[in-house]
Every structure is written in C-alpha cells, then in structure tokens.
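Asker: Given next are the chains, with one letter for each unit.
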Amino acid sequence: MSALISVRDLTRVFDVSKPWLNRVIERLPRALLTAVSDVSFDVPENSVYALVGESGSGKSTIGKIIVGLVPPSAGSVEIEGVDLATETDAKKIEAVRDDIQMIFQDPFASLNPRWRVRDIIEEPVAAKGGKTNGLAEKLLEQVGLSAADAGKYPHEFSGGQRQRICIARALASEPRIIVCDEPTSALDVSVQSQVLNLMSDLREDLGLTYLFISHDLTVVQHMADVIGVLYLGRLVEEAPRDKLFNDPKHPYTQMLFDAAPKMDAFGREVDPPKGEIPDAINPPPGCAFHPRCPLATERCKTERPEMRHIGDTRVACHHAE
Amino acid sequence: MTDTPVLSVRDLVVEIPTRHGVLRPVDNVSYDIHAGEILGVVGESGAGKSMTGNAVIGLLDRPARIVSGEILLSGQPIQGLKRDAIRKLRGKKMGMIFQDPLTSLNPLLTVGDQLTETILEHLKVGQTEARKRAIAALEEVGIPAAAQRINSYPHEFSGGMRQRVVIALALCAEPDLVIADEPTTALDVSVQAQIVALLKRLCRERGVAVMLVTHDMGVIAEAADRVAVMYAGRLAELGPVREVLTQARHPYTAGLMASTPLASQGRKRLRQIPGSMPRLGALPTGCAFHPRCEFAQDKCRQEPGPTLDRCDGRAACWFPLTAKQEVSA
Chain A
1 MSALISVRDL TRVFDVSKPW LNRVIERLPR ALLTAVSDVS FDVPENSVYA
51 LVGESGSGKS TIGKIIVGLV PPSAGSVEIE GVDLATETDA KKIEAVRDDI
101 QMIFQDPFAS LNPRWRVRDI IEEPVAAKGG KTNGLAEKLL EQVGLSAADA
151 GKYPHEFSGG QRQRICIARA LASEPRIIVC DEPTSALDVS VQSQVLNLMS
201 DLREDLGLTY LFISHDLTVV QHMADVIGVL YLGRLVEEAP RDKLFNDPKH
251 PYTQMLFDAA PKMDAFGREV DPPKGEIPDA INPPPGCAFH PRCPLATERC
301 KTERPEMRHI GDTRVACHHA E
Chain B
1 MTDTPVLSVR DLVVEIPTRH GVLRPVDNVS YDIHAGEILG VVGESGAGKS
51 MTGNAVIGLL DRPARIVSGE ILLSGQPIQG LKRDAIRKLR GKKMGMIFQD
101 PLTSLNPLLT VGDQLTETIL EHLKVGQTEA RKRAIAALEE VGIPAAAQRI
151 NSYPHEFSGG MRQRVVIALA LCAEPDLVIA DEPTTALDVS VQAQIVALLK
201 RLCRERGVAV MLVTHDMGVI AEAADRVAVM YAGRLAELGP VREVLTQARH
251 PYTAGLMAST PLASQGRKRL RQIPGSMPRL GALPTGCAFH PRCEFAQDKC
301 RQEPGPTLDR CDGRAACWFP LTAKQEVSA
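Chains A and B, in that order, are what the protein sequence lines are. Everything in the first sequence is counted per the UniProt record's numbering, starting at 1 for the first residue and increasing by one. Everything in the second sequence is counted per the UniProt record's numbering, starting at 1 for the first residue and increasing by one.
Each hint should be verified, as a subset may be incorrect.
Chain A stretches covered by chain B per the calculated footprint, using a threshold of three residues with CB under 8 Å from any CB of chain B [stated by the list, open to error]:
{"hint": "1", "segment": "3-11"}
{"hint": "2", "segment": "60-68"}
{"hint": "3", "segment": "196-205"}
{"hint": "4", "segment": "226-233"}
{"hint": "5", "segment": "248-262"}
Restraint-style ranges between C-beta atoms, simulated for each label pair [said to hold, decoys possible]:
{"hint": "6", "chain 1": "B", "residue 1": "V67", "chain 2": "A", "residue 2": "S185", "range": "53 to 63 Å"}
{"hint": "7", "chain 1": "A", "residue 1": "D201", "chain 2": "B", "residue 2": "T4", "range": "26 to 36 Å"}
{"hint": "8", "chain 1": "A", "residue 1": "K18", "chain 2": "B", "residue 2": "P107", "range": "41 to 51 Å"}
{"hint": "9", "chain 1": "A", "residue 1": "S185", "chain 2": "B", "residue 2": "V125", "range": "40 to 50 Å"}
Hints in this document: simulated from the structure, not taken from any laboratory. Quantities reported herein were computed from a predicted structural model and do not represent experimental measurements. Ideal placement from N, C-alpha and C gives every residue a C-beta, glycine not left out.
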C-alpha cells in the first residue's frame with residue numbers, strides 16, 4: 001500500500017522577533033520559534049492517522065502545512081506524489097487541491113455568518129466553476145441534516161449541527177483526504193459522539209483518509225489506526241493504536257497516558273507529571289524532553305535521539321527498548 | 001465530617017427576564033456539600049452548572065436573579081444580606097477559581113499585591129505578616145522560588161502556574177468553601193493532572209468543601225466524592241461518584257456515559273443521544289429530557305420530572321433505570 005500523504009523531514013520556523021527598532025535599541029537577537037522540527041511520517045490510503053500532543057507541540061502547524069495554508073521552511077510534503085510547495089504544473093496542483101480538505105476546530109468561527117448554508121457548502125465546487133445543482137441538499141442529508149436547511153444561515157444551528165455543515169463543505173469537492181484539526185474539541189460529549197460516529201460512517205462509505213489532530217487521548221484511541229505523538233515540534237513516537245496504548249515506549253507517551261483522567265479511576269492518587277512544556281524559542285539541547293524525563297542521562301542532554309524502529313513502533317529516545 | 005454542611009442549597013431558582021419571556025437557567029436545585037468533600041457538578045454547556053456556582057457566591061450578572069430558594073453557608077442564610085456583607089463573606093468564607101487564569105488576575109498588579117490585598121481585606125494582620133502569608137500560600141500551591149516569584153506580574157507565569165496563583169488567591173483567606181468553575185479546561189493534560197492533584201490535596205489537608213464544576217467526566221471520576229448531573233437547569237442525578245458513573249439511574253447520565261469514548265470499548269460505534277439540549281426559551285413540556293429519551297412514556301411528556309426529594313433522592317426521573325434495563329440498553 002503506497003502512502004497517500006508522505007511527510008519528509010518537515011521543519012517550520014516562525015520569526016517571532018520584536019520589530020527591528022526594538023531589537024536595535026534593546027539589543028535583542030532575532031527570536032525564532034521552531035514549531036515543527038524534522039518530522040517524517042506516511043499516511044496510507046483509507047486510514048486514520050492521528051497526531052496528538054499538548055499545546056505548542058506543532059500538531060496544528062503540521063496540518064496547515066499539509067493542506068498548504070502555511071509553507072514549510074524545510075522538508076517536503078507529498079500528496080499522491082505531488083509536492084504542492086514546489087510543483088509547477090498547474091493541472092497537477094489543481095487535481096491535488098481538490099483531493100484535500102480541512103475541518104477546523106471552532107464551528108462558530110469557520111462558517112461565514114453572512115452566507116447561506118447552501119453557498120457555504122457549494123463554494124469549494126463553485127469556486128472552480130463546477131456544477132452545484134442540488135449538491136448542498138444532497139450533502140446536508142448525507143451528514144444528517146435536512147435538505148431544507150440549505151436556505152438557513154449558520155447562526156440558526158447548534159454547535160454540533162455547524163460542525164456537520166463544516167463536514168458537508170469538506171465533502172463537496174469529493175476529496176480523498178480530510179485534515180481534521182480538533183474537530184470535536186468545541187463540542188459537548190453527547191454531540192461529540194454524534195460527530196465521531198458520522199466521521200466513521202463517511203470514512204467507510206467514501207473511502208476517506210483522515211489526518212486527525214487532537215489532544216484528547218480517548219477520542220484518538222477511538223478513531224485512529226496509527227498515532228504519532230508530538231512533543232515540542234518533534235515526533236517522539238509513532239505506533240499502531242493498540243501497540244501505542246498497550247506498550248508505550250517513549251517516557252513522554254507514558255507520562256501523557258498516566259496523566260490523562262480516566263473514567264474508571266475513582267479517587268486515583270498518582271504523582272502528577274513534573275514540569276511543563278519548555279519554551280519553543282529556546283528548546284533544551286539534546287532530547288527536548290530530558291528536563292522532565294525520569295530516565296534522562298548525560299547523553300540525552302547533548303545528543304538529539306534519532307527515530308529508531310522497535311517492532312512496529314518508531315520512537316525517538318536513547319533509552320527506549 | 002461535621003453535621004452541618006458547609007454549603008446547603010435548597011430549592012434554588014434563578015430567573016432571567018428577557019423580552020421573550022422569563023428563562024430559568026437554574027430550576028429547583030438542592031444539594032449539600034460537607035467539609036472536606038468535593039462535589040462534582042457536570043453537565044453540557046447551558047445546563048446551568050456555572051450559573052449555580054455564581055448564584056451561590058453572589059456573582060450573578062443582572063438581570064439574572066435568585067427568585068426563590070435558600071443558600072445556607074455553615075447553617076447561616078446568605079440571601080438578604082447587604083452587598084457589603086456578601087463582599088466580606090466572599091474571599092473570607094468562599095473562594096472562587098475561574099476557568100481562565102489569565103482573565104481572572106489583574107495584569108497591572110504583581111501577584112504579591114493581589115494576594116496581600118486579599119489577605120489584608122479579610123484577616124486582621126499587618127503588611128509584613130500579610131506578605132509572609134502570601135509567600136506561604138504560593139509555596140503551598142507548589143510555585144517554586146515563591147519569595148522571588150511574588151514580585152512577578154501574571155503574564156510572567158505559564159498557564160498552569162497562573163492557575164496555581166488563582167488557587168492560592170482563592171485559598172489565602174482560608175475559606176470554608178471553594179467554588180472551582182472549570183479550573184482545568186484551559187490547561188493541557190499533564191498540567192491538568194497537576195492541578196487536580198493539588199485541589200485534592202488542599203481539600204484533604206485543610207478540610208475545605210469544594211464545588212468542582214466541569215464538563216469532563218474523567219476529572220470528576222478522579223477528583224469528586226459525590227457528583228451532581230445537571231440537565232437544562234435541573235438536577236438530573238445526584239449521588240456518590242462511583243455509583244452514578246457505573247450504575248446511572250437517570251437515562252441522561254446513562255447516555256452521557258455511553259457516549260464518552262472509553263479505552264476498554266475499542267472501535268465499537270459510540271452510543272449517541274439523539275438531538276441536542278433544548279434552549280431555555282423553548283423547553284419541552286414535561287420532563288425536559290423526554291424528546292431525547294428512549295424510555296420516555298406519556299407521563300414524561302405531560303408532567304415535569306420529579307425533584308430529587310420527591311423520589312428516591314438519586315435520579316429525577318419518573319422511571320429511573322434499574323440494573324436490568326441498563327444491560328439491555
């Protein structure tokens with residue numbers, strides 16, 4: 001099975017310096033924030049690849065680079081063998097862009113309040129001059145709303161219904177890949193389950209591939225086939241779902257699992273993890289996790305660990321086995 | 001545990017008059033919290049859980065107002081008190097922890113100024129003693145190098161540290177009751193675990209009564225002793241956390257539990273509650289949950305659900321689930 005999305009050595013650096021005059025007066029150096037650092041992974045067709053991590057781990061930035069909203073600083077993203085950042089053949093770019101769509105976190109911010117739902121859903125097709133007769137109505141029914149809703153405005157819908165509209169819009173151009181950036185974080189639990197079930201159904205019916213970005217481990221465990229764990233812009237571990245949850249190799253993954261609240265852990269007393277995510281402008285040398293890591297040795301402080309294969313798992317740690 | 005509960009809420013009703021009629025975001029809510037106990041309040045957005053907390057601490061924004069019911073703090077009623085008197089109670093007897101630590105601290109004052117102000121206001125101590133206590137309070141919530149950090153401004157702290165400062169602020173006048181409104185929602189998983197552990201430790205060591213408002217069932221399961229489930233302004237279910245979460249009696253609680261993805265269930269399809277919570281302006285007649293309830297009968301459609309004290313005290317439902325039904329569901 002060939003990879004539908006192939007990410008190689010992806011790096012993205014943001015310049016977060018103060019304006020040049022302040023830098024001159026206050027004698028400050030340029031501040032560069034490395035949001036994504038040397039990340040490589042493949043997403044096979046018709047699978048769900050999940051990226052998990054805490055805030056500032058670079059998961060949303062990777063999603064934006066893949067759909068082409070943010071250019072990479074180094075490295076490449078190939079979708080169906082085409083690199084959107086360097087490809088010059090307009091036809092190929094067009095074809096790939098049709099195949100990839102995105103669902104955003106906040107359904108209140110990602111729908112234009114002045115457009116009718118019909119126009120919102122048809123836009124990805126109408127923008128390219130495609131035929132849109134009855135398209136919105138068909139898609140609305142596919143995501144569990146009624147065709148009569150097409151004439152309404154977004155404010156007439158609840159959060160869960162709006163997220164369904166976002167999904168309908170993402171489906172309009174008949175994509176093969178959907179990048180979902182925290183699609184259920186803004187929703188209540190009972191509505192979240194409706195949206196997750198809908199996404200699973202659509203994946204089976206339409207043969208979609210999802211890149212699923214989330215911080216919620218229980219949601220990821222429910223949805224994903226393969227999971228990549230990010231820490232401070234670096235991929236620290238990647239493994240198939242059951243492998244990752246049953247036998248996490250990286251100490252950060254283990255810490256994350258221990259810290260996550262569990263529904264069946266009544267009155268659990270655990271030692272909470274120590275410390276916080278370090279500053280991404282001045283990341284620690286060597287392994288980024290070493291200041292919080294129980295296994296850290298001298299080597300971890302100086303040498304950044306390479307990705308190693310252990311069985312099906314890929315892990316970036318000197319001590320994992 | 002003493003006999004008089006620290007906080008006792010009886011038949012509390014909060015109303016908001018609007019152009020389109022009177023809304024009731026809190027409708028006939030009654031519960032007690034004892035010293036050293038954490039009561040979890042869960043529900044989806046709009047269920048009235050924050051509104052209940054704000055009503056207790058006297059921070060309801062107009063035009064919302066308490067229409068009827070009683071709030072007893074250590075046996076003393078607090079409605080009818082003058083605003084000044086409530087101000088004295090707030091901080092001294094009740095502390096509040098808000099969701100967003102950045103907006104609940106004054107960005108123009110150092111953390112130390114904010115802590116000493118609260119201590120001087122409520123305790124009879126001098127400036128130096130107040131500062132000493134402020135440092136002790138910061139140390140207690142686990143802020144390293146508290147003596148230096150006390151002169152920092154809120155923006156110099158990270159999110160988790162800022163939430164610790166807010167907790168120190170809520171606790172520095174040694175209140176009997178702390179209302180924590182979504183204290184970990186804005187935080188990352190690893191920091192959330194730290195804050196939950198901190199709340200539990202403080203509750204145990206100081207015997208503070210905590211009302212923990214959240215929508216995260218996982219946090220409730222780990223932290224709370226008892227849990228109150230709210231739906232559309234009413235209490236749906238109230239009981240010890242283990243019983244409510246594992247053997248729900250109210251169909252809404254059962255649905256909520258089933259729709260949360262669990263590690264053990266794997267890739268099975270999630271059970272979903274159809275529809276969404278009704279808006280307060282358009283509550284259905286009868287039990288507010290009946291349009292979404294799979295066990296609804298005619299009685300549910302006509303008569304509003306029973307209040308807790310009029311049934312078994314556990315689930316506000318005409319036909320509470322029995323263990324057998326749960327299995328078949």
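Asker: Hint by hint, say whether it matches the structure.
Answerer: Status of each hint after checking the structure:
no.	hint	result
1	3-11	violated (count 0)
2	60-68	violated (count 0)
3	196-205	holds (count 3)
4	226-233	violated (count 0)
5	248-262	holds (count 7)
6	B:V67 x A:S185: 53 to 63 Å	35 Å, violated
7	A:D201 x B:T4: 26 to 36 Å	54 Å, violated
8	A:K18 x B:P107: 41 to 51 Å	19 Å, violated
9	A:S185 x B:V125: 40 to 50 Å	44 Å, holds
Checked against the numbered hints given earlier, the structure breaks hints 1, 2, 4, 6, 7, 8 and satisfies all the rest.
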